Amino acid sequence: MHNVLVIDDEVDVRDSIQRVLERAGFLVRTFDNATDALLELHRAPADVVITDIIMPKLNGVDAIHRIVQEFPGVRIVAISGGGNFDTSGYQPGAITTTAYLAAAQSAGAYSILTKPFESYELIEAVKHVIGAGHA
Amino acid sequence: MAQLRSKFANLVTGCVIAVHLVLLPALYFGVGYVIRKSHEDLFVQHARTFARMLADEFEVGVALESRARTEDLLDLAIIHGESRYAELTDRDHSIRSALGPPDITAPREPEMGFHNGGDDIYFILLPIVHAGQSAELRLGFDERPTQARIQLALDRMLLLMAGYLCLAIGIAAYLSNRLSRPIRRLQDVSRSIASGDCAQALHVSTSIQELHELAADLEAMRRELVGMNDRLQEKIREKEISETRNDELQKQLRHRQRLETVGTLAGGIAHEFNNVLVPVILFTDTALQDLPSGSASRSDLERVLAAARRAKDIVQKILTFSHVLGDTTLAPTDLRNVVAESVVLFSALAPPSIEVRTEIAEHVPLVRADATLAMDLVMNLCTNAYQAMQGNAGILTVGLRVAPAAAADSLPRVELWVADTGHGMAPTTVERIFEPFFTTRPVGQGTGLGLSVVHGIIESFGASISVDTAPGAGTTFKIVFAAIAEITPAARPIGALGT
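Residue numbers (my numbering), protein chains in the order written: chain R, 251 to 385; chain S, 5 to 503.
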């Protein structure tokens with residue numbers, strides 16, 4: 251059974267992803283911030299990390315960098331709903347959804363998903379990265 | 005005061021007349037006196053000489069020796085000496101010429117001046133001594149011919165002076181008029197300049213150096229005024245144009261700022277919504293798997309899922325609107341392919357009541373655009389046009405043509421237009437159509453994002469859009485692109501979108 255670690259500051263997003271993936275047969279742990287998730291990874295490894303990009307404290311792109319460095323075997327799926335604001339408020343002219351996801355991809359995310367996504371898209375994405383990891 | 009002022013010509017003429025009125029009488033009386041005096045002196049001289057000659061004749065001759073001789077000599081005085089009276093008086097008798105008028109009486113003491121006594125006769129008394137006897141010769145000379153000569157001379161002089169006065173007045177009038185004409189011209193021009201009319205050029209031809217220079221100075225001043233006036237008007241015009249341009253730019257800036265603000269807000273809301281939609285979609289999907297097919301709850305949840313997916317599309321549109329500026333990748337694009345493909349797609353979606361026409365020019369230059377977004381653009385405009393026709397029958401035309409260049413040295417422009425035969429729009433509506441969420445349709449029948457997305461896409465292309473519409477007269481949206489090449493390459497098959 252594959253281990254999936256979900257990082258998102260929205261509880262409903264975390265829980266709904268957990269529900270879908272558990273039904274699909276994955277072992278899911280959820281965290282509302284990347285710092286705690288990194289500590290947890292040190293304690294118990296995971297196969298896949300699904301992380302939001304725009305988050306308070308440690309943002310998703312920096313988190314991906316650290317995971318790639320510290321846990322090279324972990325496959326990362328980045329998710330983002332876009333929007334041009336961060337934790338400090340609305341930022342006119344800030345980078346866009348595509349740019350967030352592009353940044354995540356160049357940081358080392360293996361797959362990217364734009365919010366909102368369908369259940370099957372999520373499951374396929376996770377299966378895809380696990381398959382690639384095993385290949 | 006005004007009545008007392010006289011014109012220059014009248015003043016000069018008046019002065020000349022006044023001077024002559026004083027001088028001419030003085031001259032007349034002076035010269036008259038001289039003439040009179042000389043005539044009188046001449047007369048008196050003549051009379052005395054004649055009388056002396058006659059007296060000598062009596063003294064030395066034989067005239068006194070007979071009465072007849074004496075009478076003859078006295079008659080001679082009347083006939084040849086212009087006398088009217090001639091008498092020789094002895095102690096006891098007198099002899100008088102019978103030729104003179106008999107009513108004349110000689111005074112006892114004859115006056116020795118001309119025109120004395122009022123009888124027009126100048127009397128002379130001469131004592132004669134002949135052969136020891138003494139007698140008296142009395143002669144009376146006629147003064148009238150001399151008076152007539154004096155009068156004639158005076159009359160002639162008066163006539164001459166009158167002629168001279170007329171000539172002097174004429175010359176004065178002519179000269180003053182000649183002098184006042186350029187002054188009047190200068191005055192007219194100064195007045196028209198003072199009243200704001202500087203267009204009249206000042207050409208004064210005069211032989212008077214000072215007036216000529218004054219006219220030249222005034223003309224130079226007028227030219228300077230005209231130049232200054234022109235420069236001022238030019239400045240005012242420039243200022244007006246710049247103000248109009250400024251207003252236009254301000255308006256555009258405000259519009260852009262409003263769109264940017266709304267876009268920023270929309271982007272933020274879209275992010276929140278996307279996060280909200282994740283659990284809605286995922287939980288609903290999971291719940292659906294637990295419910296048996298055909299149950300009422302399942303059907304309800306399917307509707308929830310469908311609604312959530314529609315919400316996802318709406319949010320996608322909001323993001324397109326708010327991100328379109330940053331996300332586009334512009335490349336040389338053949339709009340003919342874009343239009344053709346969009347029309348094929350739209351025709352499949354549009355109801356049969358709507359006739360879709362295309363008017364695509366054969367040669368269209370390439371423009372800088374994003375093919376996918378351009379297609380979005382055409383689809384949005386077509387959807388808008390279709391909605392404007394409110395389900396009635398109508399004609400929708402999508403056209404593409406080459407418009408002339410804005411400037412002679414720039415490349416031509418490409419015009420893409422979408423025209424409908426729908427209900428048209430009022431000017432107040434036109435002002436707001438590109439604002440996000442502005443819609444004229446009832447709540448629930450449209451997101452109001454179509455035209456704001458269109459506007460965002462057009463801005464990202466650096467193109468411009470204009471609307472030609474009136475209530476009840478249909479609407480034409482016209483988009484103008486700057487061409488990036490003179491001639492389009494050979495037409496590619498429909499479907500080969502983009503580059």
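The hints are simulated quantities; they were obtained by calculation from the structure and are not laboratory data.
For clarity, every value in this text was computed on a predicted model and none was experimentally measured.
Don't take every hint at face value.
A short list of chain R residues far from chain S (calculated; beta carbon distances all over 10 Å) [claimed, not checked]:
1. His252
2. Asn253
3. Arg269
4. Ile304
5. Asn309
6. Phe321
Pair by pair, the computed Cβ-Cβ distance ranges are [stated by the list, open to error]:
7. R:Met251 - S:Arg313: 28 to 38 Å
8. S:Arg314 - R:Leu277: 48 to 58 Å
9. S:Gly395 - R:Met251: 28 to 38 Å
10. S:Glu276 - R:His292: 38 to 48 Å
11. S:Arg314 - R:His378: 46 to 56 Å
Computed, partial: chain R to chain S, Cβ under 7 Å [said to hold, decoys possible]:
12. Glu260
13. Ala274
14. Asn283
Glycine included, each C-beta is placed from N, C-alpha and C at the ideal position.
Going through the hints against the structure:
1. His252: holds (19 Å)
2. Asn253: Correct as stated: the minimum Cβ-Cβ distance to chain S is 20 Å, above 10 Å.
3. Arg269: Arginine 269 of chain R not clear of chain S: closest Cβ-Cβ about 5 Å, inside 10 Å.
4. Ile304: violated (7 Å)
5. Asn309: Consistent with the label, asparagine 309 of chain R stays out of reach of chain S, its closest Cβ about 14 Å off (over 10 Å).
6. Phe321: holds (25 Å)
7. R:Met251 - S:Arg313: 28 to 38 Å: Cβ of methionine 251 of chain R to Cβ of arginine 313 of chain S: about 31 Å, so the range 28 to 38 Å holds.
8. S:Arg314 - R:Leu277: 48 to 58 Å: Cβ of arginine 314 of chain S to Cβ of leucine 277 of chain R: about 34 Å, so the range 48 to 58 Å is violated.
9. S:Gly395 - R:Met251: 28 to 38 Å: With a Cβ separation near 56 Å, glycine 395 of chain S and methionine 251 of chain R fall outside 28 to 38 Å, so the hint is violated.
10. S:Glu276 - R:His292: 38 to 48 Å: violated (33 Å)
11. S:Arg314 - R:His378: 46 to 56 Å: violated (27 Å)
12. Glu260: holds (5 Å)
13. Ala274: Since the shortest Cβ distance to chain S is 10 Å, the answer is violated.
14. Asn283: Since the shortest Cβ distance to chain S is 15 Å, the answer is violated.
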